[in-house]
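Chemist: In case you want the letters, here they are:
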Amino acid sequence: MFVAIKRALKTGWQSFCWNIGSTIATIFVLTITLLIFSSIFLMKDVSDFMISKVQEKVDVSVYFLETADDKSISKFKEEVLKIKEIKEINYVSKEQVLADFEERHKGDPILMSALEEVGGNPFSSVLNIKAEEMDQYESIKNSLEKIPSEAVVKKIDYFQRKPVIERIVNLTKAASNVGISLSVALALISVLVTFSTIRLAIYNNREEIKIQRLVGASNWFVRGSFLAEGALCGFLAAVICLSIVALLSWLLSPKIEYFFSGLNIYEFFCQKICSLALIQISIGVGLGIISAFIATRKHLKI
Amino acid sequence: MITFESVTKVYSSKKCKEPMKALDNVSFEIKPKEFVSIVGRSGSGKTTLLKIILAEEKPTEGAVFFEGCNIHKLKMKGLPFYRRKIGAIFQDYKLLCSKTVYENIAFVMQVTGAGDVEIKKDVPKVLEIVGLAEKSNNYPAELSGGEKQRVAIARALIHRPEVILADEPTGNLDPYNVLEIINLLVKIQEMGTTVILASHNKDVVNSIGKRVITLEKGKIIRDEENGRFIL
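As you go down the protein sequences, you meet chains A and B in turn.
Start counting the first sequence at 1; every next residue gets the next number (the working numbering).
Start counting the second sequence at 1001; every next residue gets the next number (the working numbering).
Treat the hints with care, as some may be off.
[Claimed, not checked] When the alpha-carbon atoms are kept at most 30 Å apart in a straight line, the in silico BS3-like pairs for lysine-lysine are as follows:
hint, chain 1, residue 1, chain 2, residue 2
1, B, LYS1058, B, LYS1219
2, A, LYS6, B, LYS1099
3, B, LYS1219, A, LYS87
4, A, LYS10, B, LYS1058
5, B, LYS1120, A, LYS298
Hints are computed from structural coordinates only; laboratory data are not their basis.
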């Protein structure tokens, strides 16, 4: 068994070197396929990151009456925390709201003079509520309405934000569906192209396969070298692809971070390098072996 | 050892309207350790007959038995084991172009499961016999027709098969080498191997002086012990 594997590897290597033209073509196509798989893998993380960033900006706000005291606000907060869909709440007092407003608009003399005209603090204390999932805001709003709050709550700002929230939910779902469909289609095409390239390379060796069979080689003996060659091409393609992804993410990372704050592609790559390498080697070697297995089958029927 | 029972082989293709009968109701038997020459004009069915013995082609009708076993009913798994009992010298050499002379010969030994030590010992010996010791690292593309033929012969001998099928083995050799190769085949037969030689070289067949089967248009027209090349 060990001798057979050793011989298959040696013959595979010889064939790899002998057919250098078709070997390079196979590695090139495999590399493209792996690049598509890698971008699907990385893009999923990047889109998850971007969706979570958008989702972070969505919340339901409960504005309290000016007459509401701290005790009744605390009691209301305790009731709110009992709602299971809630991820976190953030209470901002009206003094803090005023301070934040002044800080944010200190360079805008019109707004600042309008605030002086109004006099005092026109803002209400507010409770910002975030849900675990985007589609849970409706049910949170329903739960909030069931809490007795006539003496405390001025308004619940959900209906004003409802269209935005629903739109984001729909967009997120649509983007995810389109992404998955596109990825599956691209992956399928690239697998077919890879298979055709390997099949073509093996077709060129059909005469050698026939001779090997005629001098008494078993199917597995003949197949062994082609499987080894396919695996070798897949492994090299994975190494090349990993290097390309590393280089691209390192070069493009500062530019992408400039447009999407907090999104560091290179950091993503470094975090995921082990799983990415594993995926690339598995897909590359697997695709090489499976394609070679299927492509040789036809020529072994002698 | 090898028995042909009413074997007919018809080739038909879409391009050719009329099917071509390569062998027509052929029956004969070859005994162990026999030397048989198959003679006939080009297209008389010699190569088809050898291809059927090697199970490269299937008969359209009839059956071929090797040591009592119908070789065309062998499963794919069993076929390599049958072929390892045969050493074939092909008309067009059928050498593996990506392997050197040494590797081409060693390949057959690897197929039969021989160890590296045995291969290293036997391949140079057989290369010495066919006079190609100095060309062991050359690729087939770097050899002359005669040299390729000798590699094919060496490959057929290396695993000591029970039967040697030789399809025009002297076709590309000069007269001196023809004599040498034929003497080698006769010697191999005398040592206990069955040899089936297909040839249309009159001098070669007559010099052997053993059994001759003559084919014409796919039919056996003559089968004689100590026969001669007569068309």
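Chemist: What are the numbers of the hints the structure violates, in ascending order?
Modeler: Hints 3, 4 and 5 not satisfied by this model.
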